[in-house]
Amino acid sequence: MRIFTLLLAITASALSLLAQPALEGGVFLGVSNYQGDFTLNTAPELSESNLAVGLAVRHPLTKTKALRANLTFGKLTGNDANFAIREQRGASFQTTLIELSVMGEWEPFGQNRTDLTLDLGQRLSPYFFAGAGMAFISPKPVFGEPDEAAAEDLNADYSNVQLAVPLGLGLRAGINEKMSLSLELGMRKTLTDYLDGVSSAGKKDTDDWYLFGGAMFLYRIR
1 MRIFTLLLAI TASALSLLAQ PALEGGVFLG VSNYQGDFTL NTAPELSESN LAVGLAVRHP
61 LTKTKALRAN LTFGKLTGND ANFAIREQRG ASFQTTLIEL SVMGEWEPFG QNRTDLTLDL
121 GQRLSPYFFA GAGMAFISPK PVFGEPDEAA AEDLNADYSN VQLAVPLGLG LRAGINEKMS
181 LSLELGMRKT LTDYLDGVSS AGKKDTDDWY LFGGAMFLYR IR
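In terms of our numbering, the sequence shown opens at residue 1 and continues consecutively.
Hints may be right or wrong, so weigh each one.
Said to hold, decoys possible - Okay, derived cross-link-like pairs now, EDC-like style, lysine to aspartate or glutamate, Cα gap no bigger than 16 Å in a straight line: (1) K75 with E45; (2) K203 with D80; (3) K140 with D119; (4) K63 with D157; (5) K203 with E152.
Said to hold, decoys possible - Pairwise CB distance ranges, derived in the manner of DEER restraints: (6) L171 with L55: 16 to 22 Å; (7) T117 with A156: 42 to 48 Å; (8) T64 with D147: 50 to 56 Å.
Think of the hints as simulated: they come from the structure by calculation, not from any bench. A virtual CB, placed ideally from N, CA and C, is assigned to each residue, including glycine.
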């Protein structure tokens, strides 16, 4: 029930942005990846990066602050074959990933971005963002030789809708008064160890997280 209420709040917030007088729309193109029971290091396994695309609606509140809604589509994968120490388990997984999120942006030098009297380098504007979202997942783990722990994961009961907490940074360049192009990287903290469908057969009770990184083009609609 709590997840459903939060989903309604996020959807309502996203729709409310469409009614704002100042509005930007855009597209995102990048990669998705994750850290969980199919990685050994704190950083994601780069070979498991997958294509991610998305749509964004941004409402500037001031020159330095904005609200943004995102609908992003990606894929998460992992394979024990990436690590010799994991070959005995012989497992892999994949899941589609859809994220609906609303976040606040802080762009401390945003007032320079649309000033065309400045050089392009002076119109480069770093920004930071944080918010809340929902991740829709459908993990499908495959085990080479299922044991008791693997059987527990295959029969586990968990929700395919999970809370996600986006947190990240980016660098935005003002092309002109209406258009901008940015590069950003954002991690998503989740509250589940079943983002990859594995818990008991992996790092039990350690929540998974995922990320989106790539380029975003924004155009001022009104």
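Hint-by-hint comparison with the structure:
no. : hint                       : result
1   : K75 with E45               : 14 Å, holds
2   : K203 with D80              : 13 Å, holds
3   : K140 with D119             : 50 Å, violated
4   : K63 with D157              : 46 Å, violated
5   : K203 with E152             : 14 Å, holds
6   : L171 with L55: 16 to 22 Å  : 21 Å, holds
7   : T117 with A156: 42 to 48 Å : 59 Å, violated
8   : T64 with D147: 50 to 56 Å  : 54 Å, holds
The structure fails hints 3, 4, 7 (numbered hints given earlier, in ascending order).
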